Structures are given as C-alpha cells and as structure tokens.
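K.L.:
Model the full structure from these sequences, guided by the hints.
As given, the protein sequences belong to chains A and B, one line each in that order.
So in our numbering the end of the first sequence lands on 142, straight run, no missing numbers.
So in our numbering the end of the second sequence lands on 104, straight run, no missing numbers.
Everything labelled a hint here was simulated from the structure, so no lab data went into it.
Keep in mind the model is a prediction, meaning the values are calculated, not measured.
Note that beta-carbon positions come from the ideal geometry of N, C-alpha and C, so glycine has one too.
Hints are not guaranteed to be accurate.
Restraint ranges, calculated between C-beta atoms of paired labels, are given here [stated by the list, open to error]:
1. A:Ala25 / B:Arg61: 33 to 39 Å
2. A:Glu140 / B:Asp44: 20 to 26 Å
3. B:Gln47 / A:Glu140: 22 to 28 Å
4. A:Phe37 / B:Val48: 33 to 39 Å
5. A:Ala16 / B:Gln62: 45 to 51 Å
6. B:Pro7 / A:Pro70: 21 to 27 Å
One side only, chain A facing chain B, incomplete, derived with CB under 7 Å [said to hold, decoys possible]:
7. Phe50
8. Arg124
9. Asp127
10. Trp131
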Amino acid sequence: MFEIVSEPIDPRQVEAAVAHDGAGAVLTFAGTTRDSFEGRRVVGLAYEAFAEMAVPEMRAIADQAAARWPGVRLAMVHRIGEVPVGEASVVICVSAPHRGAAYDASRFAIDALKERVPVWKKERYEDGAAWKENAEFAGEEP
Amino acid sequence: MSEPHDPCEPHDARGASGGAAEPAAALVVTVRWFAVLRERRGADEEQVQVAPGTTAAALYRQLLPPGPQGALPVMFAVDRCYVPGDTVLEDGVEVVFVPPLGGG
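P.N.:
What follows is the structure, given as structure tokens:
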C-alpha cells in the first residue's frame, strides 16, 4: 500500500497491508503534526504532494528496504491537505521476520521519505506562514 | 515478492528512438510548479518553449532568475524521475523543479 490521501489515516489498515503469518514483528510509525516550531505557535498546517511521483518514490523506497533487509514488507501512506495538530501526517508500517530488521527498515523508510518523496508542508503561525524544509533534503543550487 | 524494478534507472531507452538529425526547432516542455515555487511563479502548470540543448538547471534559472539571496536549491524531476541538473531536456517531457521537501 503506497498512497497519498486527503482523509485521516487509519494505521490498522496500513498494518493489514504488510501483516502475514511469516512475520515476527509488525512495526507502525506515525509521524504526527506538532503545535509549535522554534517557539512559534502553529495555528494550522497543510501538506501538498506531487502524487504521480510521490507514490512511485514510496514504492522504490520499499523495494530498497526489501533488498537490504530480506523478508521486510513495507507500506506507506502520506496525508495531504489540512492536517489538524496531533493527527498523523504519515504512517509507515513494516513487517519483518524479526524485530531488528523492522526497526532498521522503518527508520530507513522515514528518512528516505523526507529526503526524496515530493511532499511539502506549509505551517501557519499567528504572524505569518512558512514552507518547512526537511534537513534531509539535498537539492542543488543551480 | 515483487521484483524490485526502478522506472528511474539512468540511461534508460526513453526518448532514444530515432537518433538521426538534431531537431533545430524549439522544443516544448511542460513545467509543473509546486509549493513555494508555485507561489513564486504564480502558476500550477505551463507549456514552455526551450532551445535544443537546454538543461533542466538552465530552464530553472531562466524561469525563476535568482534573486539577491541566490536561487532556492531544488532537485530536478523529468517525467517523474529525479535527474541531475545538467540533464538536457527533450521535446514533450514534463519538468518539475522540486523545492525543499517538507513531508513526514
């Protein structure tokens, strides 16, 4: 399951996409929206995505994880549009034969998502707004 | 388990048909804008004529000339695959200048 959605994400549905009888671990990571950034109060935030590219990029990350950690299955769902503070903007579920690979693959997947899946976030504050920049992003300055 | 396949492998056969004469006429590419760059450009999508040999990075500088603080760093995507900035654009491709990401 690799999706960009505009509704709240149900983590149980994402888990169901990776769970199977051969798995010894199912690990769910939820990235949730915060109410502040560097001391400024966030009054609202919204995500947008280049969905036609974001979905294949998520799939490619899952393929890389499966190649690196045998037996790992991965599902990723990112929400776009307005996301109320405290709700999940992204859910990543990993199943693996053993817990070690599940933790490693989950960390790899969220780091890779922040680096290359085309999704953007605009936060609104009481006195302005800003597009957030992931530290993982490595663009060129042409 | 599905075979990992990467539709973005470099040097794929996409656009490699023909190979005869260099087209002399201007090419047309589709540029789609997202996030902060959509706001700066004031457009979601546009068709742009480019000279043969134009690179993705050159088109970025042309459409959004760097301000006093320089250009916003971007990644380049052609037909939904990341490519280096020095990639030469072909007729009919879709180009996206990917500004700093904020997903997660």
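K.L.:
Each hint should be assessed against the structure and marked as holding or not.
P.N.:
Results for each hint:
At roughly 48 Å, the beta carbons of A:Ala25 and B:Arg61 sit outside the given window of 33 to 39 Å. For the hinted restraint 20 to 26 Å between A:Glu140 and B:Asp44, the CB-CB distance of approximately 23 Å keeps it satisfied. The given range of 22 to 28 Å is respected by B:Gln47 and A:Glu140, whose C-beta atoms sit roughly 24 Å from each other. Taking 33 to 39 Å as the suggested C-beta distance range, the pair A:Phe37 and B:Val48 conforms, at roughly 35 Å.
Between A:Ala16 and B:Gln62 the Cβ separation comes to about 48 Å, which falls inside the hinted range of 45 to 51 Å. Roughly 23 Å separates the CB atoms of B:Pro7 and A:Pro70, a value that falls within the hinted 21 to 27 Å. Nearest Cβ of chain B to the Cβ of A:Phe50: about 6 Å, under the 7 Å cut. The hint holds. The interface hint given for A:Arg124 is violated, since its Cβ lies 13 Å from the closest Cβ of chain B, which is over the 7 Å cut-off.
The beta carbon of A:Asp127 comes no nearer than 18 Å to any beta carbon in chain B, farther than 7 Å, and the hint placing it at the interface is violated. Taking 7 Å as the C-beta cut-off, the interface hint given for A:Trp131 holds, the closest approach to chain B being about 5 Å.
Violated hints, listed in ascending order, are 1, 8, 9; each of the other numbered hints is respected by the structure.
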